[in-house]
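Q: Quick note on the numbering used here: the sequence shown kicks off at 24 and runs consecutively.
Read the hints as simulated data drawn from the structure, not as lab findings.
Please note: incorrect hints may appear among the correct ones.
[As the list claims (entries may be wrong)] FRET-style restraints, in silico, Cβ to Cβ: (1) T67 <-> G164: 10 to 20 Å; (2) L56 <-> N255: 38 to 48 Å; (3) L56 <-> A298: 44 to 54 Å; (4) T174 <-> A246: 46 to 56 Å; (5) R269 <-> G119: 21 to 31 Å; (6) L325 <-> T289: 12 to 22 Å; (7) D259 <-> L56: 50 to 60 Å; (8) M195 <-> G25: 18 to 28 Å; (9) D205 <-> P258: 20 to 30 Å; (10) L56 <-> A246: 48 to 58 Å; (11) L325 <-> G25: 41 to 51 Å; (12) V60 <-> G176: 22 to 32 Å.
Ideal Cβ placement from N, Cα and C applies to all residues, glycine included.
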Amino acid sequence: MGLSSGVVAALEDAGLDPAYVEALVRATVAEDLDGGVDVTSAATVPADQRSTLDLVVRGTGVSAGAPVAAAVFDAVSDGDATVSVVTPDGTRVGHGDVLVTAQGRTRDLLTAERTALNLLCHLSGVATATALWADALEGTGAKVRDTRKTTPGLRVLEKYAVRCGGGVNHRMSLSDAALVKDNHVVAAGGVAAAFEAVRAMFPGLAVEVEVDSLGQLTEVLDAGADLVLLDNFKPDQMRLAVGIAREHALAHGHERALLEASGGLTLPDAAEVGATGVDYIAVGALTHSAPVLDVGADLRPL
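Starting from the given sequences, assemble the full structure and let the hints guide the process.
A: Here you go:
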């Protein structure tokens, strides 16, 4: 059977596809069971015992993935469990805050526990890491953006967690936007040539072009680029790039090209980089290196 209507509604409210989430959680639970049963719970817990399980924050951060964790309990119990999202995703949480509560057969709750926590802790960790950058950039006008450096199979959820933390998503896939990088430039014979080739084949698609010098920036601005990735620029070079883009826009009577800083940036750099006037800061670490938020599971008898 599919997910219950309440869990489906919670996922849809979060902007997540219930069919995608259901397939994911069923696959992760199947991985954990490996074709068998939860032998410890089967041996120690009476089949008819029922309990309440709370997923409780042990640290501080920003929550993300509560509806996904709820879907795990729902799927394992085949709808027998009553699952509630107690704390909405995107909330700043602290020690003792309850994110999800599930009531049902104790065996089901314990079988689902680790998978639910793995997803919830990881996604909340991504949201928490993103919030640190968003806080550091507050007042600068710059936004932190994620990249495609995501865990295979979890991109949709990880990028959702970035939004929960106050960040902005970059492209979701190779097909919904173009990013012309250094290897594309080599293959095409130049940065302007690469940009123009993408524009010619996909005229309606958003195109971002990576440059590694101010000379390349001018070249792609002349070609018509409206989004440029400044790769490994120092803050003083970023300020110059913003000035060049602004002057180019004034000279040609159009909006200034948006600029994104990328390459080895760390949280202590955030305020300085944001103050240069760039529009976005690309941070792959939001998804590939975020520490988990510590969340535990507390079982209570009914």
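Q: Compare the structure with each hint and give your call.
A: Evaluation of the provided hints:
The supplied range of 10 to 20 Å is broken by T67 and G164, whose beta-carbon atoms lie about 56 Å from each other. For the hinted restraint 38 to 48 Å between L56 and N255, the CB-CB distance of approximately 46 Å keeps it satisfied. At about 51 Å, the CB distance of L56 to A298 agrees with the hint of 44 to 54 Å. The hinted range of 46 to 56 Å is not satisfied by T174 and A246, whose Cβ atoms lie roughly 35 Å apart.
Between R269 and G119 the beta carbon distance is about 49 Å. The supplied range of 21 to 31 Å is therefore violated. A C-beta distance of roughly 48 Å is found between L325 and T289, which places it outside the suggested range of 12 to 22 Å. As the Cβ distance of D259 to L56 is approximately 56 Å, the hint placing it in 50 to 60 Å holds. Distance hint check for M195 and G25: the Cβ-Cβ separation is about 25 Å, which falls inside the suggested range of 18 to 28 Å.
Between D205 and P258 the Cβ separation comes to about 21 Å, which falls inside the hinted range of 20 to 30 Å. Under the hint 48 to 58 Å, the C-beta atoms of L56 and A246, about 55 Å apart, fit the expected range. About 26 Å separates the C-beta atoms of L325 and G25, a value inconsistent with the hinted range of 41 to 51 Å. Between V60 and G176, the C-beta spacing of about 25 Å keeps the proposed range 22 to 32 Å intact.
The structure fails hints 1, 4, 5, 6, 11 (numbered hints given earlier, in ascending order).
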